[in-house]
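Chain by chain, the residues:
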Amino acid sequence: MSTPVVPTPPKKVNRINLEPAVYRGAKTTLCAGCGHNAISERIIDAFYEMGVEPTRVLKLSGIGCSSKSPAYFLGTAHGFNSVHGRMPSVATGALMANRTMLGIGVSGDGDTGAIGVGQFVHLMRRNLPLIYVVEDNGCYGLTKGQFSPMADLGSTLKNGVVNDLPPIDICALAIELGATFVARSFSGDKKQLLSILKAAISHKGTCMIDVISPCVTFNDHEGSTKSYAYAKEHDEAVNEVSFVPFFEDISVDYEEGSATPVKMHDGSTLILRKLEASTHDATDKLEAMRTLHETVRRGEFATGIIYIQPDAPDFISLLNLVDEPLAQLPQTVTRPPKSVLDEIMERHR
Amino acid sequence: MASSDLLAAPAAVSSPTRVNDFSIQVATVNGSGSQTANLVLLRSIFEMGVPVSGKNLFPSNIAGLPTWYTIRANKHGYIARKKEIDLLVAMNPETAREDVLALDAGCAVVYDEVLKLDQVRSDLVFYPVPFDKIVAETCPDARLRRLVRNMIYDGVLSRLLGIELAEMDRALTRQLKKKAKALALNQAALQAGFAYAEQHFADRPVPFTVERMAEAQHLILIEGNQAAALGCLMAGVTVVSWYPITPSSSLCETLIDYLRKYRMDPETGKATFAVVQAEDEIAALGMVVGASWAGARSMTSTSGPGISLMAEFTGLAYYAELPAVIFDVQRVGPSTGLPTRTAQGDIAFAAGLSHGDTKHILLLPASVTECYTMGIESFDLAERFQTPIFVMSDLDLGMNNWMAEPFPYPDAPIDRGKVLTPEALQQIGEWGRYKDVDGDGIPYRSLPGQFGPAFFTRGSGHNAKAQYSERPDDYTNNIDRLARKFETARAAVPQPEIDIRPGARVGIIAYGTSHWALVESRDQLRDEEQLETSYFRLRAFPFTHHLAEFIDAHDRVYVVEQNRDGQMFGLMRQELSGTQISKLASVRHYNGLPIDARSVTEEIRAHEARMALPPETSPEDAIVGAEEAV
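So the protein sequences, as listed, match chains A and B.
Position 226 of the first sequence, counting from 1, maps to 226 under the working numbering, and the rest follow consecutively.
Position 233 of the second sequence, counting from 1, maps to 233 under the working numbering, and the rest follow consecutively.
Accuracy of the hints is not assured; some may be wrong.
Derived lysine to any residue pairs resembling SDA-like cross-links, with alpha carbons at most 25 Å apart [unchecked claim]:
#1 B/Lys178 - A/Glu324
#2 B/Lys261 - A/Glu324
#3 B/Lys181 - A/Glu233
Residues from chain B shown here face chain A by an in silico Cβ test under 8 Å; the list is partial [unchecked claim]:
#4 Phe201
#5 Pro266
#6 Lys270
#7 Gly295
#8 Ser298
#9 Pro305
#10 Ser308
#11 Leu309
#12 Ala311
#13 Thr358
#14 Gly461
#15 Ala464
#16 Tyr475
Honestly, the hints are just simulated from the structure, not real lab data.
Where a beta carbon is used, it is the ideal one built from N, C-alpha and C, also for glycine.
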């Protein structure tokens, strides 16, 4: 009598035959339960499911709790934890140097809305092909919980201090500045966040994703508008986001008029289903702004794809660069011949 | 480049008239189109083979404020600014009176007749010219007269000084060759000026003239910023990010012109470079650092206020060990300071830019040739040492035209430094991003998207494997290695140029554009004071062993620079012994005007005289300042 042979289950791999573990990073040093860790998990899932080679990714960040997180995903990708609020410029330089890389930047609400708002403005304006995730907890976690400029009016600190200034709505700001992919999500909404991130990987241009990510240590109390409880209560999805990557067959199962399909640059399809409570049209800039203002007026925050313009020229395209990365051009290309020097010398004679 | 490269001509004086040795100051109103006239004047003297320099003293303004252009022609090749003016062209009613009062007796003044300057002083030689009348006759269109009016003084000077009218015409044609109508009008004005002088001043010759020489014939005339841009082009720059600021803007603007012309792929028409005008200097350097991290050769150029903003990214690039080339075309600070005037005021700040312990490599170009050669060298050094390199130019060098030998084509291949390759990895065995495998403090780096393992770049504490670390020994090991790397740089940076004169007890150290005043000042000291001096032209920071040796070999050493606080002098004091420091004296010039020989000579002469007295001087007396009335 022989024991039945149990076939070992095939290893789980993605479309480029990489295992999920390849997409993981170092062990997190953030607080247990931090929303940022959930976002890192979704980033891992999105890159795995999209079959992106991690060594083709540049991970960048500024300073703060959020900015530590690139160490916790895609361990085989080069990462750059730069200076406070200045990651956009570093990413701009890096992607100009090597246009073949896929860039993802992680920032926070202080890193983006306060010290970094200047560079944020110009990043949106340039439409650099970069996934720009703002891990938004309304406070400075690493310096123990001070308000950020994205904290809501009337929100309180643990010690009772009330925020008496209005918040910067970076989604509205981004749209105003010309951003071409603006989304908001909640770290606790796995499905929505994953779909948004996958769509972002397909987008050619800046993807500004504001993710409400509660700070369990300094901003998860009663009176905070960025707590888990508050976020769950006030999250108002403006659309249901489904994403069909280019390498999968599209099986459209929505009624005419009930959803907007958006063709992405790489051939993927983003399907934005309308929800009963919302008539939001994410392809219309005015509609997007209206939705944002109306949800704020109701005391809610809009999530989903707020605005998308899949075919606007991105910054790297505008530079009209050669296909090969600038970083790898040989001397024969980068140093003009002696005849050029002679010509210039002649002009100065 | 030593001054000796730039001609030492035999004097060809056959009459009491001074030949090829004078300075002209043209006083005009900013925005009145005087630049064309001034450049034509400069170039025509240059084309006659006479060593010449032109310095633009302009206001921070687009139009309406006074501006001065000084031209110095000198057969001996002295091209530093000369304090004394021999001939004034007074075109600006606002400043004419003050300009005339500042002259030495006997000077010549060409002026607009209506200003009646001959009533201000009687000890000058006046050449009144009815500019409005002449321009009305030569330029029928009243709206254009303002733009061609200045060309009349070129015609007058051509006659007065013996500058060949044909050379003036050629220089003018060169400037305006694409604007036929403007050219014709200017030519007419030029000739009318000449004719007026011929008719009215033939009996009143000025006591100095221009005569053709063979010296400057093969030379080029170029601005330092243009030369630096050319250096960047030849260095193979691929990413440029900048923010406009006087006096550095023309560096990147020229570079953009070069890149668009010479660095488009001939087959695809696509760019082999990227240029961004950033939102500020912080972002400019951020892009440079991001680009170099990803493997591009990247640069920015700025001036003092931009350097202030770049402190943060400079510290990151130093600590995370990322190459960056930063041109600092220095202007007068602090704060906005005098944005259109020159200084060497950023030396101390740039040398240690950032919080924490940092030391940076500074290159110190003295000439347009060095703007070019150091421009090329800076990229190699940045990548070899994986650190920011500052090229410390200044407004005088960057924005004025200077003569030079045609630049040499670089003979050394581009050096990308220690980039991890399969061969290098095999050789070094275990790789760590910040591991000192060669004992020179310089680790190997892997580049994103290219060969080798990834690592996490950060401005926070890290160990040899680039892992986050707050361990005391990791920190000290790393920061000590960075100091070791800086020591390695001493032998790799541009070495000083040293001229030891036998028997000289006095030495002089200078750097950058101060060099040109020193060429002349040393001759003055020798001829007037019988003081033979040795000379040390510093070309980079960190210092080399030559510095201490030079000081040891002399009794007294003057450190000449263009700032108030003796910034390089201060850096030297940090490294030298007490005995060496006691030999140093600081000579400083800081009024916004380019340093001149006479100021230096006077300071050194006065200090030498004090030294000859019985010794009762305190160390503080060793600090002397060159003051000058503007």
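request  = Could you check the structure against the hints above and give me the numbers of any it violates, in ascending order?
outcome  = 1, 3, 4, 5, 9, 10, 11, 12, 13, 14, 15, 16
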